[in-house]
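Asks: Residue-level listing of the chains:
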Amino acid sequence: MPDQKMAAPPVERVAGGPSAVARVLDSGAGRNLGLVAVLVLLCVVGVSTADTFATTSNLLTILTSASIIGVITVGVTFVIIGGGIDLSVGKVMALASVWATTVATQSFGPWVMVFCALAVGAGAGLVNGLLIAYGRIVPFIVTLAMLITAQGLAERISARRSQIVVDPVIAGIATTRVLGIPLLVYIFAAVVAVGWVLLNRTTFGRRTFAIGGNPEAARLAGLDVKRHTIALYVLSGLCCGIAAIMIASLTTTGSSTHGTLYELDAIAAVIIGGTLLTGGRGTLIGSILGVLVFTTITNLFVLNNLATEVQNIAKGVIIVVAVLIQTRAQRSSP
Amino acid sequence: MSDSSGLARRGFLVGALGVGAALTAACTSNAAPAAAGGGANVAAAAGDNAEPGTPVTIGFSAPAADHGWIAAIAANAQAQAGQYSDVTLEAVNPTNDITQQIAAVETLINQGVDALVILPNDGSQLTSLGRRAMDAGIPVINLDRIFDSPLAYRTWIGGDNYGMGVSAGTYIGTRLRDAGVANPVIGEIAGIDNLPLTQARSQGFSDALASFGFAVGPRQAADFTAQGGQRVAANLLQAAPQLDAVWNHDDDQGIGVLAAITQAGRSEFFMVGGAGSANAMREIQADTSVLKATVTYSPTMASSAMALARLVAQNRGMGDLVEKEVPTSITLASATITKENVDTYLPLGFES
Numbered sequence: 001m002p003d004q005k006m007a008a009p010p011v012e013r014v015a016g017g018p019s020a021v022a023r024v025l026d027s028g029a030g031r032n033l034g035l036v037a038v039l040v041l042l043c044v045v046g047v048s049t050a051d052t053f054a055t056t057s058n059l060l061t062i063l064t065s066a067s068i069i070g071v072i073t074v075g076v077t078f079v080i081i082g083g084g085i086d087l088s089v090g091k092v093m094a095l096a097s098v099w100a101t102t103v104a105t106q107s108f109g110p111w112v113m114v115f116c117a118l119a120v121g122a123g124a125g126l127v128n129g130l131l132i133a134y135g136r137i138v139p140f141i142v143t144l145a146m147l148i149t150a151q152g153l154a155e156r157i158s159a160r161r162s163q164i165v166v167d168p169v170i171a172g173i174a175t176t177r178v179l180g181i182p183l184l185v186y187i188f189a190a191v192v193a194v195g196w197v198l199l200n201r202t203t204f205g206r207r208t209f210a211i212g213g214n215p216e217a218a219r220l221a222g223l224d225v226k227r228h229t230i231a232l233y234v235l236s237g238l239c240c241g242i243a244a245i246m247i248a249s250l251t252t253t254g255s256s257t258h259g260t261l262y263e264l265d266a267i268a269a270v271i272i273g274g275t276l277l278t279g280g281r282g283t284l285i286g287s288i289l290g291v292l293v294f295t296t297i298t299n300l301f302v303l304n305n306l307a308t309e310v311q312n313i314a315k316g317v318i319i320v321v322a323v324l325i326q327t328r329a330q331r332s333s334p
Numbered sequence: 001m002s003d004s005s006g007l008a009r010r011g012f013l014v015g016a017l018g019v020g021a022a023l024t025a026a027c028t029s030n031a032a033p034a035a036a037g038g039g040a041n042v043a044a045a046a047g048d049n050a051e052p053g054t055p056v057t058i059g060f061s062a063p064a065a066d067h068g069w070i071a072a073i074a075a076n077a078q079a080q081a082g083q084y085s086d087v088t089l090e091a092v093n094p095t096n097d098i099t100q101q102i103a104a105v106e107t108l109i110n111q112g113v114d115a116l117v118i119l120p121n122d123g124s125q126l127t128s129l130g131r132r133a134m135d136a137g138i139p140v141i142n143l144d145r146i147f148d149s150p151l152a153y154r155t156w157i158g159g160d161n162y163g164m165g166v167s168a169g170t171y172i173g174t175r176l177r178d179a180g181v182a183n184p185v186i187g188e189i190a191g192i193d194n195l196p197l198t199q200a201r202s203q204g205f206s207d208a209l210a211s212f213g214f215a216v217g218p219r220q221a222a223d224f225t226a227q228g229g230q231r232v233a234a235n236l237l238q239a240a241p242q243l244d245a246v247w248n249h250d251d252d253q254g255i256g257v258l259a260a261i262t263q264a265g266r267s268e269f270f271m272v273g274g275a276g277s278a279n280a281m282r283e284i285q286a287d288t289s290v291l292k293a294t295v296t297y298s299p300t301m302a303s304s305a306m307a308l309a310r311l312v313a314q315n316r317g318m319g320d321l322v323e324k325e326v327p328t329s330i331t332l333a334s335a336t337i338t339k340e341n342v343d344t345y346l347p348l349g350f351e352s
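First to last, the protein sequences are chains V and X. Every letter in the first sequence is one number past the one before it in the working numbering, and letter 274, counting from 1, is 274. Every letter in the second sequence is one number past the one before it in the working numbering, and letter 42, counting from 1, is 42.
If you're looking for bench data, these hints aren't it; they were derived computationally from the structure. Mixed in with the good hints, there may be bad ones.
Dumping the calculated DMTMM-like pairs for lysine to aspartate or glutamate here, alpha-carbon to alpha-carbon at most 25 Å [stated by the list, open to error]: (1) X:K339 - X:E268; (2) X:K292 - X:E325; (3) V:K315 - X:D193; (4) X:K292 - V:E216; (5) V:K315 - X:E268.
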């Protein structure tokens, strides 16, 4: 991934002469290696504590559980690298799932349901982006307000009930397997692949890094920062729309209770994936590894019949340790 | 995103957005099915109680619905009050905020209603409010989530969480014993673990199973949502490659649990639900999924609470009982609904 360090020119590393370890840790690949190590460690624990861990069906269960939060995390990674934050993702997904599964929408058939979910997601993202770019309100406030509004709207439309998906095509997404792998995992993989190319192989990606690293410099260099900011939030909203269809299929419902605290799960995954909260630096693969780490932990705890509280403690500890390692690595490389 | 050809593209975008807005606006209607069996369940007053008494005003406060069960509570209370010519209902806006609920009930106390029906967001946190109402001479019917002190309510009516676990455990135990299963693997998917109601349900379940010499195997807590049910069930099914029975505490989260079971292609076990939603009852009636029974925790208790509030406010007793006053505590029995009796219960089911 060549373009992940726009804000930190390679010159610094040569001049400072940090230790080899710090240099490896500091590079994107190094951070990913650390996460891979954590994942391998979790797998070792899994294999040694539960007989069923290493089965194909269990690994596919982990990937399926990771797919929805994974798709959302792709969008959040873009926003955070671009120097913003999106707290609204969980409830925008809930709103899109509710809107797409009302009796009226379902009567139009599966394609309108999909379109509706994507339109609601992208629309919410557009509102976020416009308010941030032209309303000059900080992203934290705008997306927090969107989180609350989307929650309210979702409750309003659904009358706080779980709307059951009767459309066989949408319900069938979660039960369909291609070559033994659930369709949801393919959708997840496709979104990650498109996201990776967009971030690392296009002008759009390079501009995202540039704007996140130093918006003023990016503006002076002639980039349309406002329009790009809007595009980033629309992208994040679009990911929520895709996730909404996935969760509607997986749970066979659209509900205002979907996606509670997804924003924190997504941000946590992005952070342990090595993306700077201040923007300008980060990798998509790191975020996805972060999602996999969290999903694997959940799976390990259920397989060993342990309570959810312990699971949350473990997640908290992992976040802190991951960020500590990152800041150490940063400090030792001037 | 180069700026040349931007105008054309923008035109297309605006057009697409317009079409999108029109389509999505048409998509928010949920009007179609007239909730079959969902919503309102009322009890007809019988005997002496049927005759109109002194006109009374009854105040009603409950949490905002985030769940089909709570939605049904409000609908039932409303419908039951509508049955009586001598009852005026003062329902305050439902809220999930404790301070807002306190403020709302205080308004009702100040209005001087004749009786209050309160389903508190949290029994402990609203106990002092219940006492204030009682001190002001307004009898309080405490619905389901119980206040800490009997001084805070005139009558408590609610479901039996322990009994729900017992009903589920007894059904599963009997069925497995009759099938001659030796060492059954019995799974449990609970609601929110730190709620006392979940602990009581689980205790009842394991006590009932113990009487058959069985024990709970894999057990996980979800969060009363379809999403949580799906996530926990998907993982639990991996933990247990072979199951004989599963009890899922809540039919709303059960939609997600059933989805996970279908997605995993599992059918070697049978499942028992909880609460008694119309959706779960239809599944039991159709008999095409693993869901074979559900144990009730019926929101019809709100209808009964409203009936009791009327009698208390009018200083009347309950029809068939000898006493001249309404009892101080009523615990509803948890019924087991199976394919055999589902037709009787379907009208009482609530929509998820």
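Asks: Given the hint that K315 of chain V pairs with E268 of chain X, test it: the Cα-Cα distance must not exceed 25 Å.
Replies: 34 Å, violated
Asks: For a C-alpha distance cap of 25 Å, please report whether K339 of chain X and E268 of chain X respect it.
Replies: The given pair, whose Cα atoms are some 19 Å apart, holds under the 25 Å limit.
Asks: Next pair to validate is K292 of chain X with E325 of chain X; report whether the Cα-Cα distance is within 25 Å.
Replies: Given pair K292 of chain X, E325 of chain X is violated - Cα atoms ~41 Å apart, limit 25 Å.
Asks: Assess, step by step, whether the Cα of K292 of chain X is no farther than 25 Å from the Cα of E216 of chain V, and give holds or violated.
Replies: 64 Å, violated
Asks: Against the 25 Å threshold, does the CA-CA distance of K315 of chain V and D193 of chain X hold or violate the hint?
Replies: 19 Å, holds
Consistency with the previously given hints fails for numbers 2, 4 and 5, ordered from lowest to highest.
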